[in-house]
Amino acid sequence: MIPDRLRHTGPGALALTGFLTMAAGPALAGDVIWARYGDIDSLDPHRATSTLSMQVWDQIYDTLLAFDEDGAAVPNLAKSWEVSDDGLSYTFMLQDGVICHDGTPFGAEDVKFTVDRAFGDNPSLTMTNWGPIETVEVIDDLTVRITLESTFGAFLPFLADSFSSMVCLSNDDDPDFGSATAIGTGPFKLDNWVQGDEVVLSRNDDYRNFGKPVENDGPVQFDRLIVRTIPEAQTRLAALRTGEAHIAEPPFDDIPDIRAEGDLDIVVAEKTGQNVFWQFTISRPPFDDIRARQAVAHATDPEMAIDIIYGGLSEREWCPIARGVFGNDQDFCQQYGYEYDPDRARELLAEIGFGPDNPLNTTMYVWTGGNRHMLAEIFQAQLAQVGINVSIEILDIGTMNARVREQNESPDDPSPGTFDMMTWGWYDPDILYALWHSPGAYSGYTSDELDAKLELTRELTDEDERLEAVQDVIRYLMENAVHIGLYTPGWEWVFAVRPEIEGFKVGVFLHPMFQDVRLTD
Amino acid sequence: MTTETIEAPARPERPQRAYAALFRSPSGAVGLVIVAVLVVCAILAPYIAPHDPLVMAAGPRLEPPSLAHWMGTDQFGRDVLSRIIYGSRLTLMIGTIAVGISLSAGLLLGLVAGYASGWTERVLMRIVDVLFSFTEIVIALACIAILGVGLVNAMIAIGIASIPFYARVTHSIVLVEKNKPYFESAVAAGASHARLIFLHLLPNVIPTLIVIGTLGVSTAVLAAAGLSFLGLGAQPPQPEWGFMLSSSRDLISRAPWMMIFPGLAIAITVLGFNLLGDGVREVLDPRQRAR
Amino acid sequence: MLRFIAQRLVAALITIWVATIAVTLLIHLVPGDPVRIMYSGFQTTPEQIEEIRTRLGLDQPVWRQYLMYMGRVLQGDLGHSIVGDQPVLTTLLQRFPATLLLTIASLFIAVVVGGSLGFFAAYRRGTVWDFGAMTLAIVGVSMPHFWLGLILLFIFSLSLGWLPVGGSGFMNLILPAMTLGLANAAILARLTRSAMIDIFDQDFVRTAQAKGLPQTLVLYRHALRSGLVPIVAMLGLQFAYLMGGAIVVENVFAWNGVGRLAIQAVFARDYPLIQGFILFFATVVALASVIIDVTYALLDPRIRYGK
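Chains as they are written, first to last, in numbering that gives the first Met the number 0: chain A, 0 to 520; chain B, 0 to 290; chain C, 0 to 306.
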């Protein structure tokens with residue numbers, strides 16, 4: 000990095016550089032700078048749901064279990080566990096000698112603190128996903144027992160996910176926890192977070208890896224990880240080219256050129272578990288009517304849109320859960336899917352009183368990044384052809400989550416109901432329970448029938464039975480046009496990496512790992 | 000304007016002569032030509048644009064400028080030239096509506112404050128001064144925070160943000176006019192408030208406001224383009240120039256033409272109104288011509 | 000002189016005071032329930048919404064809310080942001096040095112480039128040089144600065160790889176400062192030219208010329224010093240302009256100042272942060288204008304004592 004700068008600056012400028020960077024908090028030789036399109040929403044794993052937040056929690060915290068290269072949950076902070084015969088009680092044996100960033104030993108009390116906190120007065124946003132937890136008991140310093148009210152097939156995988164990050168007890172009663180402080184057991188300690196600008200993390204020398212699929216199980220091999228927010232894709236590219244950033248998502252349309260030039264490595268995340276889908280404000284017209292929802296589905300052609308924007312590198316997704324996730328079956332889902340059929344869309348619209356003289360006006364929410372705004376513009380043009388006038392609002396994911404829920408909770412709002420291109424990444428079909436079991440993550444569509452079907456997917460532990468239950472839910476969601484799959488982004492998560500960085504990898508379900516990263520310059 | 004206003008004192012030049020003078024001023028003439036071309040583009044857009052500005056895949060996507068697409072195509076294969084031609088409609092609308100809002104409100108405030116004098120004047124002008132010192136962009140941001148994003152809201156925000164400026168200008172002219180003999184004699188002759196304001200003050204304020212308003216169109220166009228560039232103004236698929244620039248940002252290396260042409264369009268338009276404003280000033284204020 | 004400074008300070012305090020009223024009212028002008036708009040994404044129950052409303056004092060009459068707000072502001076508490084739950088004042092102060100650095104660097108570029116261009120044009124008044132300089136200036140005034148920024152970014156960062164962006168070091172400052180500085184240099188060039196022409200027309204310059212003093216001496220000793228006065232007078236407004244312009248330019252170059260923060264806050268409808276930003280911005284601009292006005296008064300004896 001330094002030699003790179005020298006090349007571009009005269010000696011006078013260099014002296015000035017030294018002076019000014021000191022004031023602004025300089026990047027150091029042992030720093031790895033990771034530029035991303037957006038910032039975290041919170042340092043508290045119970046207070047945000049965005050992938051961008053999750054990817055930073057991964058660096059600060061650790062989880063009881065971890066995903067291996069194939070996405071199976073394997074021992075991590077919990078070195079082993081026992082499940083009672085009735086499937087309701089899980090006893091976890093913890094690794095000895097794990098130390099929290101403040102120097103306190105990590106043990107059963109920390110696990111209990113984390114779980115209790117997730118169900119506390121200000122519960123975790125993903126509380127539902129923890130499952131029907133009844134009690135958490137500390138058996139001894141390194142043994143903890145979690146008891147469930149009913150069997151829960153997706154419990155163990157959840158404990159490998161970042162939403163179950165283990166928060167150390169020392170954070171208790173710290174009013175700044177989540178905004179200015181965060182104590183975990185992960186590979187990095189938090190130095191500071193300047194909102195909208197950067198999160199500065201420094202190496203945790205006590206870190207040990209137990210379950211993550213990396214080669215280096217000790218502390219990371221560089222000093223600091225600086226996670227910087229640069230929303231503009233071209234600015235990120237410029238930052239990469241000039242050495243201001245080491246790892247960044249490049250602009251999609253430049254990827255072929257970057258590959259051709261060969262200066263930067265391209266790392267594509269695989270098995271992201273992400274599913275991009277339509278969902279609707281069902282509490283008021285027009286989308287309280289199933290035909291309006293079906294009209295949108297028939298009027299849009301995701302195949303063409305992803306082909307234009309991602310050059311065919313993302314896949315059409317018929318299911319409400321991503322490829323690689325239990326229960327995903329394209330042939331099964333397609334039977335209930337909505338083929339591109341503008342005429343059918345017009346018919347449906349005519350049935351509910353919309354037509355050329357009375358267009359359906361509505362708003363589509365899209366979240367920032369990943370060229371989704373371009374997809375939205377194509378969908379907007381497609382919808383216009385059947386007489387649906389859409390205005391697009393591009394929001395960051397946190398704001399969009401808020402807005403969607405606010406829409407569903409405003410049945411008396413005189414303006415037309417909205418719909419949105421939502422994205423969720425999950426390792427298990429249990430995401431459907433979180434989204435659609437009443438009251439629902441967005442206070443959206445719910446029904447007693449759907450609730451019963453969803454409950455079944457949790458209680459059944461036999462694989463074949465569960466598959467049937469899951470597909471029953473999928474069929475229901477699609478027939479009622481509640482959750483309409485569009486595509487599985489793989490290509491949306493692309494990282495360009497400077498040559499002096501070696502060993503950067505992105506695990507399944509979008510967990511970036513820095514344990515093997517080495518700075519070779 | 001009523002016919003009576005033409006008889007008002009200190010009227011600079013008759014309109015026909017003013018236009019003739021405008022053509023004698025080289026910058027005014029250039030400005031007038033640019034603005035005229037813009038107006039023609041806006042009116043005749045459907046006839047002169049080679050493609051529909053909203054239709055995707057009018058050509059291959061991200062095609063460099065060619066005979067078929069003089070300014071290339073964008074990420075959806077839309078014709079950039081056609082979008083720029085249609086964009087002139089939005090630009091003219093933004094300019095006139097934003098200036099309309101700030102000019103009328105500023106004129107009213109300035110007239111009332113200047114005419115009323117005393118406490119009314121002090122309080123009004125104090126508020127105007129304070130708002131003025133907030134700077135226009137911050138007032139515009141505050142308005143958008145309240146109203147929400149969108150082109151119409153951006154126009155309103157820009158209109159409101161410039162009110163203090165127009166109020167100040169009006170106020171200062173009124174103060175000068177109030178001390179002139181013709182006004183004092185009109186007051187002495189017992190003219191009504193309405194007559195004093197509308198027959199005596201207003202006609203003398205208007206020439207300067209025409210200059211300021213013409214220059215103001217360029218400021219408003221720039222400001223609206225800026226807000227759209229930040230994503231606070233125009234929304235897709237509107238072919239607004241600032242928004243086009245904003246969507247070109249992800250593609251600068253791959254498709255620089257998407258960035259160059261909308262920027263040129265904004266710059267030329269703003270230049271046109273600036274030159275026209277300068278020209279009108281020269282016509283209305285002959286002393287400046289010596290410079 | 001002290002009285003003059005006092006008067007200017009009072010005027011600045013009035014501006015800041017009006018700003019506090021404006022930001023208190025802002026949240027009430029938002030259509031809908033601000034608490035629900037801000038917090039609905041946080042899986043909040045209706046009881047929690049009411050609790051937040053009480054905590055923010057939004058269940059109180061407006062005048063009491065204002066008093067509560069003022070009470071907190073006087074203790075340096077501008078509330079907490081919705082996104083990230085961070086203290087607003089701390090966040091603004093963390094980001095402000097970047098904006099100040101950018102503003103001052105651009106002001107410097109604007110004054111040097113614009114001032115010399117204007118001075119040169121006035122000196123060579125009526126010649127092709129004057130015409131050229133003024134054409135350049137009007138083109139500069141008409142050019143959207145974010146466009147200029149994109150062009151510079153394209154050339155110097157993306158194509159040539161000479162100047163970095165997206166960081167916080169000195170090299171990162173060059174492009175944004177050039178963009179903002181050159182855009183405002185055009186305005187200053189025009190203002191300087193007309194100010195200098197007024198001075199060249201004044202008697203003392205003509206006298207000096209008549210006395211046969213060498214040209215350069217006349218220019219520097221007499222004209223330039225007097226010419227500084229109106230230029231300094233413009234700087235207050237220029238500073239405010241540049242602070243405003245920084246909001247856009249910061250977003251072009253990922254220069255992480257308060258302007259970028261403000262835009263993020265508007266998108267996220269983070270009202271405490273928006274309120275804090277407006278109040279902060281008004282305060283900075285008001286104080287800067289006091290400093291500049293006082294400098295102006297020191298330079299030009301004619302306006303001393305608050306005449």
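Calculated from the structure, these hints are not laboratory results.
C-beta: ideal position from N, C-alpha, C; glycine also.
Careful: at least some of the hints might be erroneous.
To be verified - Chain A stretches covered by chain B per the calculated footprint, using a threshold of three residues with CB under 8 Å from any CB of chain B:
| # | stretch |
| --- | --- |
| 1 | 36-44 |
| 2 | 59-69 |
What the hints assert, rightly or not - A short list of chain C residues far from chain B (calculated; beta carbon distances all over 12 Å):
| # | residue |
| --- | --- |
| 3 | Ile48 |
| 4 | Arg63 |
| 5 | Arg71 |
| 6 | Leu73 |
| 7 | Ile108 |
| 8 | Leu149 |
| 9 | Leu152 |
| 10 | Lys210 |
| 11 | Gln274 |
| 12 | Phe276 |
Exercise. Taking C-beta pairs only, is Ile108 (chain C) more than 12 Å away from all of chain B?
Worked result: 20 Å, holds
For this session: Check the non-interface label on Arg63 (chain C): least C-beta distance to chain B beyond 12 Å or not.
Result: Its Cβ never comes within 12 Å of chain B, the nearest being 22 Å, so this holds.
For this session: Quick one: see if chain B covers the stretch 36-44 of chain A, three-plus residues with Cβ-Cβ under 8 Å.
Result: Violated - the stretch 36-44 of chain A has 0 residues with a Cβ nearer than 8 Å to chain B, which falls short of three.
Problem set entry | 8 Å C-beta test of the stretch 59-69 of chain A against chain B, three or more residues | That given contact is violated, which follows from only 0 residues of the stretch 59-69 of chain A lying within Cβ reach (below 8 Å) of chain B.
Exercise. Taking 12 Å as the cut and beta carbons as the points, is Arg71 (chain C) off the interface with chain B?
Worked result: It holds; Arg71 (chain C) is separated from chain B by about 20 Å at its closest Cβ, greater than 12 Å.
Exercise. Taking the closest pair, is the beta carbon of Ile48 (chain C) still more than 12 Å from chain B?
Worked result: The claim holds: Ile48 (chain C) sits with its nearest Cβ about 21 Å from chain B, beyond 12 Å.
For this session: Mind verifying the non-interface call on Lys210 (chain C)? Its CB should be farther than 12 Å from each CB in chain B.
Result: 26 Å, holds
Exercise. Does Leu149 (chain C) really sit off the interface, with its C-beta more than 12 Å from all C-beta atoms of chain B?
Worked result: Incorrect as stated: the minimum Cβ-Cβ distance to chain B is 5 Å, not above 12 Å.
Exercise. Gln274 (chain C) clear of chain B by more than 12 Å, beta carbon to beta carbon?
Worked result: 9 Å, violated
For this session: Say whether it holds or is violated: Leu152 (chain C) keeps its Cβ farther than 12 Å from all Cβ of chain B.
Result: Nearest chain B Cβ is 7 Å from Leu152 (chain C), so the label is violated.
Exercise. Is Phe276 (chain C) truly not at the interface, in the sense that its beta carbon sits beyond 12 Å from all beta carbons of chain B?
Worked result: The claim breaks: Phe276 (chain C) does not keep its Cβ more than 12 Å from every Cβ of chain B (closest is about 8 Å).
Problem set entry | chain B versus Leu73 (chain C) - minimum CB to CB distance exceeding 12 Å, so not interface | The assertion about Leu73 (chain C) holds, with a minimum of 20 Å to chain B.
When the structure is compared with the earlier hints, violations turn up for hints 1, 2, 8, 9, 11 and 12 and for no others.
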